[in-house]
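**Q** With the hints as constraints, model all of the structure from the sequences given.
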Amino acid sequence: MEDIQLQNLWKAYDEKLEDAKILNMKSLALNFESFAMLQHIKAKAKLRSLLLSKILCIVFGVLFIWIVLEILFRYYRNPYFTVSAGCIVLITSITILDYIRQIFIIADMDYSDSLVQTQQKLVFLQTSIIRSVRVSFLQLPFYGTFYITQEMIRSGGATFWIFMSIFTGAFITIALFLYKNISYKNISKGWVRSLLNGSDWKSVTKAMEFINEIEEFKKGSSQPHK
Amino acid sequence: MNKEPVKEDFLNLIQDNKKIIFKICNSYCANKNDREDLAQEIIYHLWKSGHSFNTDHKFSTWMYRVALNVAISFYRKEKRSGPVISIAEHLIDVEDKKDEHNEAEKNINLLQQFINELKELDRALMILYLEEKSYSEISEILGITETNVATKINRTKEKLKQKFLLYNKF
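So the sequence lines, in the order shown, correspond to chains A and B. Taking this note's numbering, the leading residue of the first sequence gets 601, the next gets one more, and so forth. Taking this note's numbering, the leading residue of the second sequence gets 9, the next gets one more, and so forth.
In case anyone wonders, no lab produced these hints; they're calculated from the structure. Note that CB positions come from ideal geometry on N, CA and C, so glycine has one too. Treat the hints with care, as some may be off.
[Unchecked claim] Listed next, the in silico EDC-like pairs over lysine to aspartate or glutamate satisfying Cα-Cα at most 16 Å (straight line):
no. : chain 1 : residue 1 : chain 2 : residue 2
1   : B       : Lys167    : A       : Glu809
2   : A       : Lys818    : B       : Glu154
3   : B       : Lys85     : A       : Glu809
4   : B       : Lys27     : A       : Glu618
5   : B       : Lys141    : A       : Asp603
6   : B       : Lys56     : B       : Glu111
7   : B       : Lys169    : A       : Glu618
[Said to hold, decoys possible] Selected chain A positions facing chain B (in silico; Cβ < 8 Å):
no. : residue
8   : Ala612
9   : Phe632
10  : Phe681
11  : Ser714
[Claimed, not checked] Derived Cβ-Cβ restraints for the label pairs, each shown as a range:
no. : chain 1 : residue 1 : chain 2 : residue 2 : range
12  : B       : Ala112    : A       : Ser794    : 51 to 61 Å
13  : B       : His59     : A       : Ile671    : 41 to 51 Å
14  : A       : Ile705    : B       : Leu173    : 41 to 51 Å
15  : A       : Val662    : B       : Glu154    : 44 to 54 Å
16  : B       : Ser142    : A       : Tyr743    : 51 to 61 Å
17  : B       : His59     : A       : Gln605    : 39 to 49 Å
18  : A       : Gln607    : B       : Thr159    : 15 to 25 Å
19  : B       : Glu113    : A       : Ala629    : 27 to 37 Å
20  : B       : Ala112    : A       : Ala707    : 41 to 51 Å
21  : B       : Lys40     : A       : Asp614    : 18 to 28 Å
**A** Right under this line is the structure:
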């Protein structure tokens with residue numbers, strides 16, 4: 601088959617549509633106002649539910665940071681508490697900034713941008729749950745260090761150091777393990793899915809796969825469709 | 009400017025481009041209800057995004073970007089939005105019955121089927137190629153380089169030809 605044959609087939613398809621009643625313009629013209637209004641309500645409801653979840657996450661995050669900073673203000677003389685609380689605040693702030701970025705992306709979403717640009721923005725939004733969950737787990741080791749005092753360091757003895765090493769070491773290992781393993785590649789695993797509780801993991805997996813497809817498309821190394 | 013002429017102009021544009029909208033809907037939705045739902049979403053987004061159209065650019069570039077972006081996003085939705093909003097009569101009327109006895113008709117259906125089997129972005133690329141858009145316009149719509157467009161078109165065309173070859177073989 602030649603290139604021209606493909607194009608001729610497409611032209612024949614076009615001609616076939618010429619005679620077919622494919623778009624009811626009369627109905628569209630008559631009902632245009634109600635059509636536009638209903639579609640607008642539908643789009644607004646979708647946008648509202650999308651924004652609401654992001655805003656709630658930001659509000660709870662800010663509230664959490666505010667509480668931690670309040671406590672930090674009282675106990676800032678303890679360097680162990682200050683460093684631990686500071687890291688927890690920093691990691692929570694990263695998650696909040698990601699949500700704020702998502703709101704800006706939603707507000708800036710324009711379907712008249714190029715396909716690659718628009719679809720990249722959409723998959724970024726769809727995969728936000730993975731980013732926030734895996735980053736949040738990095739806080740874990742600091743929950744095992746915030747209560748340490750100078751007194752404990754001075755007089756804790758071998759038992760204290762053995763306990764702290766095992767406890768903190770385990771938290772660091774778990775945090776790094778979760779950070780590394782919470783990804784779309786492992787999304788079929790039950791434990792990853794339960795950590796992403798509430799999210800539509802099938803959509804997340806598909807979105808992550810689509811990220812790779814877009815990257816391949818940009819590079820020009822698209823693989824045959826299965 | 010009052011609202012009426014804008015609406016009239018918009019409806020005229022839809023009338024002029026209805027075959028393109030239909031072909032995009034048909035390439036991204038197998039189900040008739042979904043097709044109608046997608047057509048409504050495309051028309052709504054074209055209406056809503058009207059302000060973003062820059063007259064310095066080609067209208068078709070803008071329209072293809074909006075329509076294909078909406079179609080790909082719609083296709084990727086796990087759950088469709090449910091029942092189509094009824095606007096008195098169906099917006100898109102499509103004959104699902106295909107005349108397989110006619111050779112030309114059979115090839116048209118095969119071409120549609122093979123295009124529908126491509127990945128979402130390759131599908132968009134092929135539609136634009138078959139609509140005889142220039143490489144520079146395709147590159148602008150998709151957001152990839154012209155060289156990449158040329159390479160991908162050749163690769164995708166070969167894929168389609170192979171499918172026709174395989175089909176005719178068996």
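**Q** A separate judgement is required for each hint: does it hold in the structure or not?
**A** Evaluated hints:
no., hint, result
1, B:Lys167 with A:Glu809, "21 Å, violated"
2, A:Lys818 with B:Glu154, "11 Å, holds"
3, B:Lys85 with A:Glu809, "14 Å, holds"
4, B:Lys27 with A:Glu618, "8 Å, holds"
5, B:Lys141 with A:Asp603, "15 Å, holds"
6, B:Lys56 with B:Glu111, "41 Å, violated"
7, B:Lys169 with A:Glu618, "26 Å, violated"
8, Ala612, "6 Å, holds"
9, Phe632, "6 Å, holds"
10, Phe681, "45 Å, violated"
11, Ser714, "3 Å, holds"
12, B:Ala112 with A:Ser794: 51 to 61 Å, "54 Å, holds"
13, B:His59 with A:Ile671: 41 to 51 Å, "49 Å, holds"
14, A:Ile705 with B:Leu173: 41 to 51 Å, "44 Å, holds"
15, A:Val662 with B:Glu154: 44 to 54 Å, "46 Å, holds"
16, B:Ser142 with A:Tyr743: 51 to 61 Å, "59 Å, holds"
17, B:His59 with A:Gln605: 39 to 49 Å, "41 Å, holds"
18, A:Gln607 with B:Thr159: 15 to 25 Å, "19 Å, holds"
19, B:Glu113 with A:Ala629: 27 to 37 Å, "31 Å, holds"
20, B:Ala112 with A:Ala707: 41 to 51 Å, "49 Å, holds"
21, B:Lys40 with A:Asp614: 18 to 28 Å, "20 Å, holds"
Checked against the numbered hints above, the structure violates hints 1, 6, 7, 10; every other hint is satisfied.
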